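Peer 1: Residue numbering for the first sequence is 1 to 131, as defined by the working numbering.
Hints are computed from structural coordinates only; laboratory data are not their basis.
Fair warning: there could be bad hints in the mix.
[What the hints assert, rightly or not] For lysine-lysine, the following DSSO-like pairs were computed, each having C-alpha atoms within a straight-line distance of at most 30 Å:
#1 LYS68 x LYS21
#2 LYS68 x LYS118
#3 LYS77 x LYS65
#4 LYS118 x LYS65
#5 LYS118 x LYS21
#6 LYS21 x LYS77
#7 LYS65 x LYS21
#8 LYS118 x LYS77
Please read these numbers as outputs of a predicted model, since none were measured by experiment.
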Amino acid sequence: MYRLRHPRDFSTVYRRGIRCKTSHLTLRVLRQSAAAIVLPVEKPPSASGAVQRSPSRIGVSISTKVSKRAVVRNRIKRQILAALQQLLPQLLSNWDIVVVVHPQATQCDYQQFLQELKQLLAEAKVLNGHS
RNA sequence: GGAGUAGGCGCAGGCGGUUGCGGACGGGGAAUGGCUCUGCCAAACCUGCCAGUCUGAGGAAAGUCCGGGCUCCCGAAAGACCAAACUUGCUGGGUAACGCCCAGUGCGAGCGAUCGUGAGGAAAGUGCCACAGAAACAUACCGCCGAUGGAGUUUCUAGCUAGCAGCGAAAGCUGAUUGCGAAGGCUCACAGGUAAGGGUGCAAGGGUGCGGUAAGAGCGCACCAGCAGCAUCGAGAGGUGCUGGCUCGGUAAACCCCGGUUGGGAGCAAGGUCGAAGGGGCAAGGGUUGGUCUUUUUCCUAGCUCCGUGCAAAGGUACCGCUUGAGGUGUUUGGUAACAAACAUCCCAGAUAGAUAACUGCCCUCUACUUUGCUUCGGUAAUUUGGAGAACAGAACCCGGCUUAUGUCUUGCUCCCCUC
RNA sequence: UGCCGAGUAGACGAAUUGGUAAAGUCACCUGUCUCUGAAACAGGAGUUUGUAGGUUCAAACCCUACCUCGGCAG
């Protein structure tokens with residue numbers, strides 16, 4: 001799994017991405033080709049089209065407002081990443097995805113996260129069809 | 001059995017399965033691009049990627065309350081003195097150091113085991129002690145006394161004086177009366193004495209008792225508290241005993257004094273290395289355009305989508321700092337202990353949107369229920385099924401402490417109740 | 001991660017060289033006025049000073065530990 005790591009990537013997704021929302025999570029999604037306009041150096045102009053097949057990158061954002069305790073935040077993040085791991089084969093490539101966690105999500109368990117993520121990704125049309 | 005108290009160099013479930021994450025190690029090993037093009041370089045002394053082996057949170061990793069190491073800036077030979085700061089402060093020891101730890105002393109709390117202790121100086125000075133109260137550190141409101149001094153009193157007395165009456169020869173005696181009147185009595189409470197009692201207050205000039213006194217008072221005595229001196233025990237804080245003069249308010253977590261300690265400041269986001277693209281800044285130079293004066297060479301000034309050069313800033317954890325350390329484990333020795341020494345042995349996280357996880361099986365432990373056996377009917381043993389394995393909590397440069405949060409196991413000791 | 005600052009009625013906010021039921025404004029409640037409401041006037045209630053200990057005769061204030069909130073490096 002490829003992770004979003006740089007703050008610059010996060011702010012780009014926040015500025016330009018599509019937004020989807022459930023009661024416990026918010027999803028921000030952006031095509032990497034759109035990001036390539038902002039950062040033209042990463043991709044030479046000749047190869048900008050169909051040649052690129054870099055996999056989708058995923059980031060999770062969870063603030064101290066969700067919970068003050070680092071243990072709780074880390075567990076939620078790990079559970080979300082594990083759920084996405086399970087969904088990874090169905091994901092389309094060339095997308096940047098950011099998952100934002102809401103404060104109510106401290107009560108959720110793994111199955112709930114899995115279900116909500118599946119729903120959100122389908123809504124954002126990042127999931128590899130319903131085939 | 002219950003209640004309590006002090007510890008633990010005590011534990012933080014175990015073994016697996018599937019899918020995954022960080023680091024280290026040694027292997028395999030591209031695409032692509034460049035060039036001096038049948039080979040080299042970039043990264044080929046192996047990057048992305050691939051599989052393998054090893055390894056991967058805590059007792060508090062937390063709070064950031066102290067003390068260090070380490071790094072940079074300012075200052076500075078070294079030492080002494082002064083100043084300043086710290087806010088450290090019973091004694092002895094431990095430690096790299098500490099406001100920490102150990103052992104003891106005094107005081108306080110508890111029936112006790114034991115616990116708490118910010119525990120130098122108020123007899124060096126200054127300040128403060130509201131209200132109340134006479135007075136808050138020096139006095140006298142009520143009260144007591146009035147010994148001493150003063151004033152009053154003859155309707156207090158002794159005594160003296162004067163004339164009158166009676167008796168008498170006289171001296172004189174008796175009686176009532178006039179006046180004086182003590183160093184005596186009584187009255188006053190004016191001066192004064194007093195700090196027992198009342199009242200005020202957190203606090204009122206050691207406490208209790210007896211004597212004493214005009215009334216009182218360490219004024220005297222006994223015991224107690226406290227102070228000073230001496231002796232003695234102890235390494236010391238202090239303990240014990242004797243003697244003495246009799247007594248001093250509280251507050252220093254108020255200023256302060258004394259003693260002690262100390263170069264100051266910032267903190268790994270310290271600090272250092274490298275520093276792309278595309279822009280902008282400054283400097284001097286060149287080029288070019290315009291203006292003025294002198295002159296036809298240059299100079300001055302203002303500008304520019306111009307040119308290259310130099311300087312400085314800036315962007316990013318890309319790399320270093322970064323984990324071998326006052327290190328861990330074990331044994332022995334010294335010490336009451338904290339701890340120290342010697343020997344042996346081991347290398348044990350290094351992330352940076354931040355790794356150690358998600359789901360799940362068995363064992364073990366605990367617990368609830370079902371059934372059965374025993375029963376002194378309180379329970380106890382086995383068994384079936386279900387549930388839980390938690391609580392507090394996530395390394396972020398590294399150590400030593402403190403504080404706070406919190407599940408469970410276990411050891412010693414104390415008090416109370418019951419039974420033998 | 002490191003470093004700073006602040007907590008006083010429902011809201012704002014004074015009292016901080018310790019001194020005795022902790023000012024004031026808005027809001028709230030009751031009444032008067034009015035046909036009703038507002039305004040005005042009169043009266044009233046509410047805070048033990050973030051929490052827990054300590055020093056002191058006495059603590060919002062001094063000391064210690066904790067809790068919460070905010071800020072800076074960003």
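Peer 1: Hints first: check each against the structure and report whether it holds.
Peer 2: Hints versus structure:
1. Using a Cα cut-off of 30 Å, the hinted pair LYS68 and LYS21 holds, with the two alpha carbons roughly 23 Å apart.
2. The straight-line distance between the Cα atoms of LYS68 and LYS118 is roughly 28 Å, inside the 30 Å bound, and the hint therefore holds.
3. As the CA atoms of LYS77 and LYS65 are separated by approximately 14 Å, the hinted pair is consistent with the 30 Å bound.
4. For the hint pairing LYS118 with LYS65, the CA-to-CA distance comes to about 25 Å; that is within 30 Å, so the pair holds.
5. For a cut-off of 30 Å, the pair hint linking LYS118 to LYS21 stands: about 12 Å separates their Cα positions.
6. Pair hint LYS21 plus LYS77 holds up; C-alpha atoms about 17 Å apart against a cutoff of 30 Å.
7. In summary, the hint linking LYS65 to LYS21 is supported, as the alpha carbons are separated by about 18 Å, within the 30 Å threshold.
8. At roughly 16 Å between alpha-carbon atoms, LYS118 and LYS77 fall within 30 Å of each other, so this suggested pair holds.
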